[in-house]
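Fit chains G, F, H, Y, V, Z and A to the supplied structure of chain B, relying on the hints for placement.
Number of protein chains: 8
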Amino acid sequence: MQKLLYEVSCGACTVADALAELKHFPSEMLSCAHLDHHRRLRTGVPEVVYGENKTAGQIADILKKLLGFSPAVMATRVSQEKGEAVCLEIPGLVYHGEARMVTAKMEEPEPEANGGEGLIVVLTAGTSDIPVAEEAYVTLRCLGHAVEKLYDVGVAGIHRLLSRRDLLDKACVLIVVAGMEGALPSVVGGLVDKPIIAVPTSVGYGTGLGGIAALLGMLNSCAPGIAVVNIDNGFGAACMAASIGRQIRRQKGRS
Amino acid sequence: MQKLLYEVSCGACTVADALAELKHFPSEMLSCAHLDHHRRLRTGVPEVVYGENKTAGQIADILKKLLGFSPAVMATRVSQEKGEAVCLEIPGLVYHGEARMVTAKMEEPEPEANGGEGLIVVLTAGTSDIPVAEEAYVTLRCLGHAVEKLYDVGVAGIHRLLSRRDLLDKACVLIVVAGMEGALPSVVGGLVDKPIIAVPTSVGYGTGLGGIAALLGMLNSCAPGIAVVNIDNGFGAACMAASIGRQIRRQKGRS
Amino acid sequence: MQKLLYEVSCGACTVADALAELKHFPSEMLSCAHLDHHRRLRTGVPEVVYGENKTAGQIADILKKLLGFSPAVMATRVSQEKGEAVCLEIPGLVYHGEARMVTAKMEEPEPEANGGEGLIVVLTAGTSDIPVAEEAYVTLRCLGHAVEKLYDVGVAGIHRLLSRRDLLDKACVLIVVAGMEGALPSVVGGLVDKPIIAVPTSVGYGTGLGGIAALLGMLNSCAPGIAVVNIDNGFGAACMAASIGRQIRRQKGRS
Amino acid sequence: MQKLLYEVSCGACTVADALAELKHFPSEMLSCAHLDHHRRLRTGVPEVVYGENKTAGQIADILKKLLGFSPAVMATRVSQEKGEAVCLEIPGLVYHGEARMVTAKMEEPEPEANGGEGLIVVLTAGTSDIPVAEEAYVTLRCLGHAVEKLYDVGVAGIHRLLSRRDLLDKACVLIVVAGMEGALPSVVGGLVDKPIIAVPTSVGYGTGLGGIAALLGMLNSCAPGIAVVNIDNGFGAACMAASIGRQIRRQKGRS
Amino acid sequence: MQKLLYEVSCGACTVADALAELKHFPSEMLSCAHLDHHRRLRTGVPEVVYGENKTAGQIADILKKLLGFSPAVMATRVSQEKGEAVCLEIPGLVYHGEARMVTAKMEEPEPEANGGEGLIVVLTAGTSDIPVAEEAYVTLRCLGHAVEKLYDVGVAGIHRLLSRRDLLDKACVLIVVAGMEGALPSVVGGLVDKPIIAVPTSVGYGTGLGGIAALLGMLNSCAPGIAVVNIDNGFGAACMAASIGRQIRRQKGRS
Amino acid sequence: MQKLLYEVSCGACTVADALAELKHFPSEMLSCAHLDHHRRLRTGVPEVVYGENKTAGQIADILKKLLGFSPAVMATRVSQEKGEAVCLEIPGLVYHGEARMVTAKMEEPEPEANGGEGLIVVLTAGTSDIPVAEEAYVTLRCLGHAVEKLYDVGVAGIHRLLSRRDLLDKACVLIVVAGMEGALPSVVGGLVDKPIIAVPTSVGYGTGLGGIAALLGMLNSCAPGIAVVNIDNGFGAACMAASIGRQIRRQKGRS
Amino acid sequence: MQKLLYEVSCGACTVADALAELKHFPSEMLSCAHLDHHRRLRTGVPEVVYGENKTAGQIADILKKLLGFSPAVMATRVSQEKGEAVCLEIPGLVYHGEARMVTAKMEEPEPEANGGEGLIVVLTAGTSDIPVAEEAYVTLRCLGHAVEKLYDVGVAGIHRLLSRRDLLDKACVLIVVAGMEGALPSVVGGLVDKPIIAVPTSVGYGTGLGGIAALLGMLNSCAPGIAVVNIDNGFGAACMAASIGRQIRRQKGRS
Amino acid sequence: MQKLLYEVSCGACTVADALAELKHFPSEMLSCAHLDHHRRLRTGVPEVVYGENKTAGQIADILKKLLGFSPAVMATRVSQEKGEAVCLEIPGLVYHGEARMVTAKMEEPEPEANGGEGLIVVLTAGTSDIPVAEEAYVTLRCLGHAVEKLYDVGVAGIHRLLSRRDLLDKACVLIVVAGMEGALPSVVGGLVDKPIIAVPTSVGYGTGLGGIAALLGMLNSCAPGIAVVNIDNGFGAACMAASIGRQIRRQKGRS
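For the protein sequence lines, the chains are B, G, F, H, Y, V, Z and A, in the order given.
The numbering of the first sequence is my numbering, which starts it at 1 and goes up by one.
The numbering of the second sequence is my numbering, which starts it at 1001 and goes up by one.
The numbering of the third sequence is my numbering, which starts it at 2001 and goes up by one.
The numbering of the fourth sequence is my numbering, which starts it at 3001 and goes up by one.
The numbering of the fifth sequence is my numbering, which starts it at 4001 and goes up by one.
The numbering of the sixth sequence is my numbering, which starts it at 5001 and goes up by one.
The numbering of the seventh sequence is my numbering, which starts it at 6001 and goes up by one.
The numbering of the eighth sequence is my numbering, which starts it at 7001 and goes up by one.
In isolation and in its complexed conformation, chain B is listed as follows (with noise of 0.2 Å):
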């Protein structure tokens, strides 16, 4: 743009060139916009491929592209067989099995030592819970977050619960995973004064109706400070996670 207007100002250009060029300007600099939030996107969540309904081979293709922008990439849903095959074709990534994830290899978690700044607790309610929370739990490791387990801590076993409440306390966000009747975001939100973003899981069966029963239990909780996302997403409530997660550490640099 700089150099178009250079060119105008000094007679290389003419003003109808240049308005020609400038025809679909619009969309271009949006695209440059987005180009630009995406870098910047980039920096935080590495681009993630949804491995749902792809083959080995094409989620093998789009990693490796992906690959060539950044070392960090991410491919969720991907099956124990499909994973494999990619992460034998493609050097350098390894498969989270309980997640059903492939990323890029990742240095050992920071230790716990900074105190929990900016700390993200990931919590299930029962064991039948945790691959969803494990898509969490990944995705945030992967975009560089220090972040914590707290399975099976559910209301049966609220004992639990409370005994690690050092590190709810801890905790700048909580995750919490839960199918059934998903009670345990209630419970924890009486419990702490931290946003607390909220997974149902289609764990259950009959009235269950695949997470629609957690999902409007988690909507119509009675305690403050909790938000939803889709059901059986832990990839979704690590991005809120990460976003309000990036949102603190700018504040600190600020200050």
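None of these hints come from the bench; they were simulated from the model.
Do not take every clue at face value.
What the hints assert, rightly or not - Once the Cα atoms are required to be at most 27 Å apart in a straight line, the calculated DSSO-like pairs of lysine-lysine come out as:
id	chain 1	residue 1	chain 2	residue 2
1	H	K3054	H	K3064
2	Z	K6105	Z	K6064
3	F	K2149	B	K149
4	A	K7149	G	K1149
5	Y	K4065	F	K2149
6	G	K1149	A	K7054
7	B	K149	F	K2065
8	V	K5149	B	K3
9	V	K5149	V	K5170
10	Y	K4149	Z	K6064
11	G	K1065	H	K3149
12	B	K65	Z	K6149
All of these numbers come straight from a predicted model, not from anything done at the bench.
Frame of chain B, contents of chains G, F, H, Y, V, Z and A only:
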């Protein structure tokens, strides 16, 4: 029947005539059984009028007839206006405003001194759930059961629940009334080892779906020992609790 | 706690140290209470493994650990293949094919001679409802309750129900299992004055909506004294029935 | 048509003119067929006005026009106020309060002496279902069918149903009206071998879902020989019953 | 009964003994009535086995028992493989592939020469609806009714329907099977004045909701004289049609 | 933009200043594009006010502002009372009672003499669907399209539809408005080869589910060339039809 | 008809015989009209086979018959395996893998040089929506329409959409295919003034409800000029677009 | 506690007595913890009264009590009439008409000069969504947060959104309120990298299903970083945003 058999035995009635008379016997006998069953019921549960779509006049007419059989009568879902009209017309009846019920006047509740033997406790999550809980309370009182209330002890005020744990321990049945996400029965079910009758209420808005969210939450509870009745059905919960209470009394009577 | 107090009383521990140690006391005490509560539960209800999404190996591992605490264990929703693998690995366990459960070996059911005291009767409307009923039956047997079965007594064969009315009369709780329109609990509720736990099943097709039709039928029953559990939740119905049964026993013990 | 063909045959009309005249023949012929069909319908079923969203004036206007064709007319879903206004304006009409219908005055019902030949019986489970049943009753009476009522014979009062088994035996079609769990058609279907038209009503609350629960119950009935109409559609049930009744009469006429 | 009364009349049995013997009389008498009713049913409708979740062996076992009572038996929802296995084991049975039924061998359908007296016509909107229609057809044939088929006459091919209007005119009952929007019963109902049993099918996708769209279309039909059965319930429609057919025969027999 | 470039080319504006001015250029340019797009829209479609939750005063205020830009304005979902108040306040506006709309006064519709070129025909199944159809009709008239009405031509009166087939043949787009089972678009789609915009209405009761039944019927139509808008959305259907009409005009203009 | 009239006019056929022959005339004439209509359809739309539940053999048989009438045929919802079997059996057919269709071989698409006259553009939000879009694309190509694709231009990549605005401007109809929240049609509708046919897809999970979320999003779009077809119904969208395209061509032909 | 320990340490209290006193300690300690937690909450969030089903008198009574603890109080869902009555009774309170809230008088919003640090921006798609947005706005203002409004920037007016991109860039959290198809959060999520709290509103009709369509659209958004609250729940969104805001402040405080 006995009379007929005597008549047959003494020849006052021929076998053929007896057979003709017995032609419709099955339904008559069943209907006797039914009446007998009804009588038994009546000792426990007085006749009940569902007042929703009835006029004050209609309610009064039915109650008058029922009063001929038993001094203990009840009408549910009666508006303030209708209830007062009915009580004005029939002396000895009382209108319970919050419960929206008309009943015969009841003596003061027996002191709790009996050690909570057969005690039924009615809990609510919030204050908006109280009318449904009162319907259960008044019904149980009218049926002659020992009942205690523990209102507004939802997840957001769980310490109030815990601080009355002694009361929960004395109870033999719990009726837990909750709207919105309906999580209270799960939490109570994690604390005590008593049969819990969960009553979803239509308290809430939007995705509360008029009580469906609470209902689903209760049906999918991960805590054992919970069964559910229809939305806002305080009366039905009381009947279930009373039925359990009667079994306990009978077993005591036998021992 | 007692030990700590002694130490304080004898000066072995300063008040300040005691306070520090007691900092996390509430949750620990609660967790003690919880364990105590658990122990109580365990006397009644053994630990239960939900086998749906677990491998035979995972089920076996958990069962082994539970067997360390109590000889009475259960796993529900276990397929034939998985169940047999588990039983092969852990001696002393039994697979119940129709109930799809693994339990510790149980002694023969006590004879009905006890006059049905505390007897729980499990009914089904059709033969397709039997697996759900068996889950309830085996659970109750495993919890040490007297149980009788009355299967395939749906509306279309109501004479079979009526012809076993003596059994209904001896029961203290009824579990009524039905799919399709779920009308059986209403009919039973019109015949006997006992607490009825209604279990909708996913038997049916089309507008049966996987058990929703039966569930709605049961929730809207015009007969009093009925409460409902989740679709196909034979285990949950058994827990509710067992909970009622324990109350009856306790009251007997007191008198 | 015949006239046109004669004109062609005698040369009074050219083939080309005849073809031109016949251009729109299909729809005209069909519409004739339709009118003929209509006439047949009218001998059985008078024209019907759906009064729900119409003013008293509009209803009266349409009824007046219809009275020009046939003395037998009906308007359904007419409120008390509108109905009385219509009857005031048009002499010879009657307002049926419970049925919420306006019809021409009808002679007294023929005595049941005819042995119930072609008799249609309308049953209701409860008293709140009566308005829907009355819509069916008045419609059938207006269509000239022999109808009997058997109201308030729900599952909770099944002896009343059984005690009128003679009436059921005389019927050729049964209309069974029920709200809440809608179990009555199943029970009736287990007792008699007659076509049953089941009418769910919106009586109930909460999970009754405005009649959906009753509808699902009826559609999933395990008893054979039941078909269902829309919620609260007493008129539609009457039309189906009348249609069956007409077939019976025709077959009788032939033999 | 008669015997007992004679014994009483001649003193061979005391009144007290008779009363004791009659204690369970109601249910026994009812069960007699029931058996009688069953017998009547069996003359019309042979015993039916719902094969969906049964093995070939289970189906064969039940069919063998039923064949002891009546030569006319049926099993519905039987897969090709299971059906052939059953027929191999029990001679005299036939597997109907499209209808997915096993029945006893049936004589050739009576010629239509009887003038359609009591004729039942089964229509389908499309070719995908044929299996459901065949279930109705085979059931009716097995029950001894005159049946004709009119398949693939949906709205998009309405001229095929109109061109067989003579067949519709001869029928006394119509079974109309349609998936997708389920509009065919409305169109047929506008053409003929016969009772129409509408069968929604699960044919369709997306918003067809497994037959719910067709079901709703049929329940809300603006044409009179239509009643609906469960989705894909060809058997149920046949039972309703057969029930109507029996009434017509009875009335003919009387006149 | 051109001005800015000239200033740059002649030195009246430095490149730096130009860049600063262009900082927010993308959105401004887009917003220009948008305004331009708006202008184009306005030549076809006047600004529209959704009156549902607005007071007469609010509606009048917005209409006054819009009248400053264009003489053609519309407000939809305006009650009688509000509509008359608005027309009283702003001269030159007209209230359309059945359509529940306020528009600028429109000249008389052009005679149909133009051979139906670009003609849009609006059909309804019943008389209760007319208000929705009128919303479409008035909107189209206001947008300057040739429109004809064909009301009350539902399946039960299909000869009326067939007798006006000439009108259907002249149309280039059909808007078909129907409630209840929503079958009319399927039938019309079987008769003509024109784009059909189907509008479900909330006319009906019970399982009509406020128009959902009609919507599902239309979405699952077996006839090709049908697309659907929201329930009761006559305005949306008119916009779609107008959009098609504009394409036809443009193509004509080009040729 | 003309022949018959001549015979009548020349006495070769009596009026009576003519009337007899004309007895079933309405349906025959309608069926003629229908065939004529069919012929017209066929010039535009070739016969289509819905392959979902048909075997390769059944599909091949129907296609062979259709090829007797027209060289242009289509089969939709055909799996890879079935499609290849059909193409092997019938030379001259092609299998389109992504569209899951079999069609006659088609000439190369005409160059876009015609200035987009009557151009239809098919857009998708994501890559998972492409199969549905391809069904629309192949259908339109097969029907002889000019079609362009613009895939993977969802909200997250809106600059790609904006950068091809020239293509949108050339189109006369847009088909917009989107799953998940289905927001793309709203965004496109805010950009261009063309008729938009929105196709929800079943892409998504959890609360996507198999496409219901996308469907609702599209039906409730705040942008004017959008109409919707069934979930995953690429074929139906193509038929609607083709129908609009034919109207445009006809108007051009007239001018 | 400390006191008790001292008494033990000095012998003023025996260990046995201390244990007895500590029997109910867990719940008391927890309830202390809870109060402490409450206090912390109160510094952030004042006590809130849900006014929906309360009378003006009831609201006033509760507010008076709350004012004893904190000068900052709120009541939501308060009608104009009730709100004015409350403000008349309690000086120092203000009624916010659009937000339908009563709060304590608040000082003027702090100038935006602080560089948007911790700024929360509330957006709406249309004007009808404003009441819900105002509930969020007033709640946040009352909680002491910097808030800005950006109303009526839906997809149809996206240039308005883009033209205020600077405001979006300054925000740390966005609350996006939208009814109908609920597409705005997706579009905003594609533009900025901030946590987005999406609030579906019940604005719309027909298939809008009282906000369900918008809710589903938001839950299925393809844009990352979005979480959702209940329909019309402006207050809940504000609580979530405030909770995020508090985390940001705390992290700033630490650094």
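Structure-inconsistent hints, enumerated in ascending order
The structure breaks hints 3, 4, 8; every other hint is satisfied.
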